[in-house]
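Student: Note that the protein sequences, when read in sequence, are chains A and B.
For the first sequence, position 60 matches number 59 in numbering that gives the first Met the number 0, and the numbering has no gaps at all.
For the second sequence, position 30 matches number 29 in numbering that gives the first Met the number 0, and the numbering has no gaps at all.
Simulated from the structure, these hints should not be mistaken for lab results.
Among the clues, some could well be false.
[What the hints assert, rightly or not] Simulated pairs of lysine to any residue, SDA-like, Cα-Cα distance not exceeding 20 Å:
| id | chain 1 | residue 1 | chain 2 | residue 2 |
| --- | --- | --- | --- | --- |
| 1 | B | K39 | A | Y153 |
| 2 | B | K129 | A | Q320 |
| 3 | B | K129 | A | Y153 |
Bear in mind that the values here come from a model prediction, so they are computed numbers and not experimental data.
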Amino acid sequence: MLHSVGVTPALLVATAFALPLAYLRIKTVKVFHGVALATTTVAFALSLHTHLYVVNQSSPVVYRMGGWPPPLGIVYEVDSFSSLLATYTALILVFVVAYSYWYLRDDPGTPYYYSLLLGLEAGLIGIYYTGDVFNLFVMLEVLGITCYGLVAYYRSSREAVEASFKYAFFGAIAGLIYFVAAVLAYSSFGNLAMGFIATTSRPLFRYFYQFTDVFVWGNITSAVVAILALSLWTFTFKAGVFPNHFWLPDAHPAAPTPISAVLSGLVVNAGAYASMRFLYTIFGVYDPLSTFYELSPYFKIVLSAVGAISAIFASVMMIIQRDVKRLIAYSTIMHLGLVFTGFSLGTVLGVRASIYHVLAHAAGKALLFMSVGVAIEISRTRSVSDLKAVGRLNPIVGASIVMSSFSLVGLPPLGGFFSKFALYQAFIEAGRFDLVAVLFVSSGLALLGYFKVIQPTVFSVPPSNAEASKLKELSLWVSLLPLLLILVALNPLVVGGLLDKASESVVYADKYISEAIRSFLEYVRGYQLSAGG
Amino acid sequence: MRNMDTSFIERFLIVLTLYNLLVTAAISLYGIVARPSITKKIISLTILGDSLNVLAILIGFRVFSVPPVLLKLDANPDELLNLAYSAVDPLPQALVLTAIVIGLAVNLFLIFLALQVYRLYGTLDSRKIKELRG
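Can you make the complete structure from the sequences, with help from the hints?
Tutor: Structure follows, in structure tokens:
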């Protein structure tokens, strides 16, 4: 068993709980910056170790909690898709912590901030690693509670408290809805392990496991429709996609800037990840081998409509915003809409493009939020027209703003171009010319929005010398430059192989299923041997 | 036995409980959507959570059953099978226990935020707290 899988979330949660206790004794805030940086670096190293192991082995790894195998106990099942996203998340969070050192400095709330941030990382990595439908609920709530707390970090600000209340209240309802979906899954499949629900969904494997007595629903297909409808409601809420996007443009700007970067770049990906996992691997809605393949036309229509509406709507809303953080928050809704259209197609190419776009958007959006945050800090305003040209005084900040905007628009040498090109190819292959139009129209409209950000921060009046003193900091270089390099490195030549493995692992559930079954059989054999049988 | 003909009273009780839960959930959704007071919204949310938790319990429940506790350490296979056929399903209860603890944390956080909203705005009427446009 690969222990780095189980250790990563546990280490993060343990550190998160230890920080406020340590604050009772240690009053130097700088210590906590150091501890947080060290912890996120260790978490990145552990998740990288897991990722390399999974990719080399080219089959998923099952981590059994307390030794119980899949249908009996809770397991983590890590395939190349989940370990890719977890490693990427851990990597970006290292730079976010480095940026937080510049942003928070001697803020007395720093230990609590890092406590919540490490909890957030544990929740995200837990969502990616888990192989259990109910454990996903627990991890969604861990992620949720830490996010609400971080949005309300400035608790004497009216805006932050109101945004956090809105987010937390609807987040609590979304959590309840997912809870019902998990209970329905248990009642109709008889277990909660993702690998075994996936087994039961494919009739070829039916000899191994049967549907249990269906509790309320007449047949299994209508039960699955209910489960998918309820869980997708929650996932679109987490991803901030059209009907459930209403909390996002309030909550993301109200948070401290590094947290805006985390929420917009990393947290929304959890919704997209869980949607892909449920639609492809677990229930196999797009898998011809699955019992539920007959549902695929409906999910194609609904998901591509949801994605297209949020892409167009958000790019129009971007143009009319005056608050720069709200503008960038609407851009998040647009990009997640494009991700949803990508995997609504049901092809390997579509899923590959979606994963690619998730990666490109995460780095670009985190970098844009963090570099624009410098301009907000120096100008002491969030109004787009009053921002000062910090890009002139510090080359790395200027380069970050320009390059990340260009990447999000989709200009050639950067990651955003290649991911949008992959989406375009997937749409053409599937014959969806309406979605091609959505891709071009939303990118064109968004270009106007990004120029509203680039113009004042790079080409207007530079700040005075007194204001600019905060610009000469090493931690800005440490946090912004690596993200810039990631944006350049997101090239098909570099990440193409990883994306192929990840998308095949999502679409073809074979290895996911066989690894879960193998883990169960291994346990049973071991039990027989030890019982002398 | 699970596969025996379910008696009339068993079906009647389960259907009655089910409709009760659905009506309770509907009333609490009305409270969440239509009541202006934040306090009443939070109370409705807790009622919704409780009714969904009871629904989860109901899924593992079986009328005229025994608790899922094995009284002997060295039970033979027949006794194990007997227990499996007559006991309620303990797993939904474990799920509900987890959901209750998570609900406690979320509700506490919401109540703290409501207190903070009252301190900053001087009111808990959600119609008057509208600085953000959504």
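Student: Each hint: holds or not?
Tutor: Hints, verified against the model:
1. Using a Cα cut-off of 20 Å, the hinted pair K39 of chain B and Y153 of chain A is violated, with the two alpha carbons roughly 25 Å apart.
2. For the given pair, K129 of chain B sits about 18 Å from Q320 of chain A by alpha-carbon distance, which is consistent with the 20 Å threshold.
3. Of the pairs offered as hints, the one joining K129 of chain B and Y153 of chain A holds, with about 18 Å between alpha carbons and a cut-off of 20 Å not exceeded.
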